[in-house]
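Chemist: Can you build the whole structure from these sequences, using the hints too?
These are the residues of each chain, in order.
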Amino acid sequence: MKLNKKVLALLVLGGLSVSGNSMAGTASAEALANTCAGCHGIDGSSTGPAIPSIAEMSAEYFNEAMLDYQTKDGRYNTIMTRIAKGYSEEEIKLMADYFAKKKMARYVQKFDAEQAKAGKELHDKYCEKCHEDGGRSAEDDAGILAGQWTTYLHYTMDDYIEGRREMTKKMKKKVKKAMKADADAMSKLINYYGSQN
Amino acid sequence: MSGISRRNFIQLTGGAAAVSTLGVSNILMAGKGAGHVVIIGGGIGGATAAHYIKRADPKVQVTIIEPKKDYFTGFMSNEVLNGHRTMDQIKFGYKGLESRGIKIVHDYATNIDAKAKKVATKANGNIAYDRCIVSPGVDFKWEMYEGLDAKISAEKIPHAWNAGPQTILLRKQLEAMKDGGTVIIAAPPNPFRCPPGPYERSCQIADYLKQHKPKSKILILDAKDKFSKQGLFTQGWERHYGYGTDNSMIEWVKGAEGGIIEGVDAKTSTVIGNVDEYKGDVVNIIPAQKAGKIAFASGLTNDKGWCPVNQKTFESTLHKDVYVIGDASVASPMPKSAYAANSQAKVCASAVVASLHGKKAGIPTLVNTCYSILAPKDGISVAMVYNFDGKKIQKVKGSGGLTPMDSSPEMRAREVQYAYSWFNNVTADAFGARSSI
Ligand SMILES: Cc1cc2nc3c(=O)[nH]c(=O)nc-3n(C[C@H](O)[C@H](O)[C@H](O)COP(=O)(O)OP(=O)(O)OC[C@H]3O[C@@H](n4cnc5c(N)ncnc54)[C@H](O)[C@@H]3O)c2cc1C
Chain A
3 MKLNKKVLAL LVLGGLSVSG NSMAGTASAE ALANTCAGCH GIDGSSTGPA IPSIAEMSAE
63 YFNEAMLDYQ TKDGRYNTIM TRIAKGYSEE EIKLMADYFA KKKMARYVQK FDAEQAKAGK
123 ELHDKYCEKC HEDGGRSAED DAGILAGQWT TYLHYTMDDY IEGRREMTKK MKKKVKKAMK
183 ADADAMSKLI NYYGSQN
Chain B
184 MSGISRRNFI QLTGGAAAVS TLGVSNILMA GKGAGHVVII GGGIGGATAA HYIKRADPKV
244 QVTIIEPKKD YFTGFMSNEV LNGHRTMDQI KFGYKGLESR GIKIVHDYAT NIDAKAKKVA
304 TKANGNIAYD RCIVSPGVDF KWEMYEGLDA KISAEKIPHA WNAGPQTILL RKQLEAMKDG
364 GTVIIAAPPN PFRCPPGPYE RSCQIADYLK QHKPKSKILI LDAKDKFSKQ GLFTQGWERH
424 YGYGTDNSMI EWVKGAEGGI IEGVDAKTST VIGNVDEYKG DVVNIIPAQK AGKIAFASGL
484 TNDKGWCPVN QKTFESTLHK DVYVIGDASV ASPMPKSAYA ANSQAKVCAS AVVASLHGKK
544 AGIPTLVNTC YSILAPKDGI SVAMVYNFDG KKIQKVKGSG GLTPMDSSPE MRAREVQYAY
604 SWFNNVTADA FGARSSI
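Chains as they are written, first to last, in the working numbering: chain A, 3 to 199; chain B, 184 to 620.
The reader is advised that the hints may include incorrect statements.
[Stated by the list, open to error] Quick list of simulated restraints, FRET-style, between CB atoms:
id: 1; chain 1: B; residue 1: 278; chain 2: A; residue 2: 110; range: 17 to 23 Å
id: 2; chain 1: B; residue 1: 515; chain 2: A; residue 2: 169; range: 40 to 46 Å
id: 3; chain 1: B; residue 1: 363; chain 2: A; residue 2: 182; range: 54 to 60 Å
id: 4; chain 1: B; residue 1: 373; chain 2: A; residue 2: 74; range: 29 to 35 Å
id: 5; chain 1: B; residue 1: 305; chain 2: A; residue 2: 112; range: 45 to 51 Å
id: 6; chain 1: A; residue 1: 165; chain 2: B; residue 2: 327; range: 52 to 58 Å
id: 7; chain 1: B; residue 1: 362; chain 2: A; residue 2: 95; range: 55 to 61 Å
id: 8; chain 1: B; residue 1: 577; chain 2: A; residue 2: 74; range: 22 to 28 Å
id: 9; chain 1: A; residue 1: 30; chain 2: B; residue 2: 577; range: 16 to 22 Å
id: 10; chain 1: B; residue 1: 422; chain 2: A; residue 2: 74; range: 26 to 32 Å
id: 11; chain 1: B; residue 1: 479; chain 2: A; residue 2: 112; range: 45 to 51 Å
id: 12; chain 1: A; residue 1: 112; chain 2: B; residue 2: 457; range: 49 to 55 Å
id: 13; chain 1: B; residue 1: 587; chain 2: A; residue 2: 169; range: 23 to 29 Å
[Claimed, not checked] Listed below are several chain A residues computed to face chain B (Cβ distance under 10 Å; list not exhaustive):
id: 14; residue: 30
id: 15; residue: 32
id: 16; residue: 36
id: 17; residue: 37
id: 18; residue: 86
id: 19; residue: 93
id: 20; residue: 154
id: 21; residue: 183
id: 22; residue: 185
[Claimed, not checked] Cut-off 25 Å, straight-line C-alpha distance, at most; resulting in silico cross-link-like pairs (DSS-like, lysine-lysine):
id: 23; chain 1: A; residue 1: 105; chain 2: B; residue 2: 237
id: 24; chain 1: A; residue 1: 131; chain 2: A; residue 2: 74
id: 25; chain 1: B; residue 1: 298; chain 2: B; residue 2: 542
id: 26; chain 1: B; residue 1: 503; chain 2: B; residue 2: 574
id: 27; chain 1: B; residue 1: 237; chain 2: A; residue 2: 103
id: 28; chain 1: A; residue 1: 104; chain 2: B; residue 2: 242
id: 29; chain 1: B; residue 1: 274; chain 2: B; residue 2: 237
id: 30; chain 1: A; residue 1: 74; chain 2: B; residue 2: 578
id: 31; chain 1: B; residue 1: 578; chain 2: B; residue 2: 407
id: 32; chain 1: A; residue 1: 112; chain 2: B; residue 2: 560
id: 33; chain 1: A; residue 1: 104; chain 2: B; residue 2: 237
id: 34; chain 1: A; residue 1: 95; chain 2: B; residue 2: 407
id: 35; chain 1: A; residue 1: 112; chain 2: B; residue 2: 274
id: 36; chain 1: B; residue 1: 495; chain 2: B; residue 2: 575
id: 37; chain 1: B; residue 1: 580; chain 2: A; residue 2: 74
id: 38; chain 1: B; residue 1: 334; chain 2: B; residue 2: 462
id: 39; chain 1: A; residue 1: 95; chain 2: B; residue 2: 495
id: 40; chain 1: B; residue 1: 580; chain 2: A; residue 2: 95
In short, the hints are calculated from the structure, not lab data.
The C-beta atom is built at its ideal place from N, Cα and C for all residues, glycine as well.
Modeler: Set out below in structure tokens:
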């Protein structure tokens, strides 16, 4: 299922890169990445309150996110489809490697300490396996959760739960379990991620 | 000296010699090392260019000439009009840029001598440069309107199209207006700064009136027959402000139907259209626009009043080593917006640093986005990715476009939060994060 989607995305991309690429050649990774800073922050570290940071995320996760945005009926979003369709596969790869090497700056966010504490327990039990180091790690190509803007995390979890964004089977199972164990699990988890700076 | 070509070195020393004979103050001499870039205008374009030159090569000396101690962003200034934002929240100082090693001279540039490579200023004499970047924003074509000039605009009929004192004046006028009054917004002909701006303004003002003066009306007199994001704005007006019903708060008059204006009688607040006269209680005339004054004084403009540039580097096609970015430049198909100015500044900064090192400019890539807020939880956007076809900037096929007409209330609420994030990030990119200001 996941593979199919990727192949499809590659096909879409292949078509795009013909029209998308200028005759003048490819811009540098830095030049490409700099155009994102107006929305995602300098070198991909957003100052919030809602646009996510994209610094430090794994190249694999970044590539998949961009391909998914390009795919018709791909990942649910407000604006990224319109942006992502402007880039060839090669350009996306260049940016992926560029942002993966940038440190993500984490800002102090408002959070509820009690909820965050409960969130840590839930995280350790249901999420840590793939979102290591309390969600700080970019390993496992699962995106960075710790210190990500909580407004974005709320939107994203809503999308997952409402089925607007596809979860991997294994994550879906864990999310379901966490919610069964605690109806307020998502809010607690997000408070935990927001508490880390 | 590292990385500098022999030719540049000669130019630099030559520049310094010229400086001493002309009596330019020494603090402002052409720089040693990688060269001296003088930037005219510390707005969104100039500030971003300064930042990205320093990022590319900290050895390059960068001086910004900007008269104002604080910059007020035009973007989000419409939120001051409905009271959702304070002036302080759109105010940015220059400490953040100074801490990036950039020199700020609070002065006004009066002329660029492109042959002698120096900028004349009001109070600091001549400032020599190796490369000059010009980002002065827009000026207004007062001559098109009888009874209107800079003074009347500052005192009675604000344009509020450079955020600052006029934003405050317009807000005060709205606050003082009686319930049942009429607000006139005259929208300018193309091309102008921020194409969706006048219509976003109508929404913000309507939002204020709806809460506080619900019997009031807004009359938009438009020089054009159609405008940016028109479908989405019309939908927004319908959704929130009764547009299309007998009770509509907003009325839009297109150019072909009497929207074109020819002047104003400031005493009676009467706008003189080419067909009718319209009496308002608050009158906001956004005049037709052209490049900032310095561009005219320095011979950087074409017959339409804007600055033609090599779209790969933003170097003026009229003067060597002078670059023009932002609203003043001809960067079509890009619109005149803050995101565009920010994006162009990075392309230009990279080209300027390359040229100081005797290298060829890299391949440009650009983005534009404009968010508009229709109501507190209702935002829309337009976006586009651009590349370079070897001769000029072009839209990347398949990219960009508008918020879909059928996007859900949930998505539109998100767009407002994303618009606020954009504001925070683009201003941090230009001026430094708020905490460091
Ligand atoms: C109401 C409104 C809403 C807007 N909304 C948006 C939006 O949502 N999104 C968006 O992308 N854009 C928006 N914009 C447009 C945006 O503000 C401009 O496009 C942007 O500021 C252009 O940048 P610039 O550097 O060209 O000019 P500016 O930012 O205007 O900077 C020019 C600077 O140069 C200085 N200057 C001028 N002449 C001289 C001189 N001779 N010597 C020294 N200094 C000089 C000025 O003092 C000024 O600080 C909006 C504008 C308005 C008015």
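Chemist: Could you work out which earlier hints the structure fails to respect and list their numbers in ascending sequence?
Modeler: 21, 22, 24, 34
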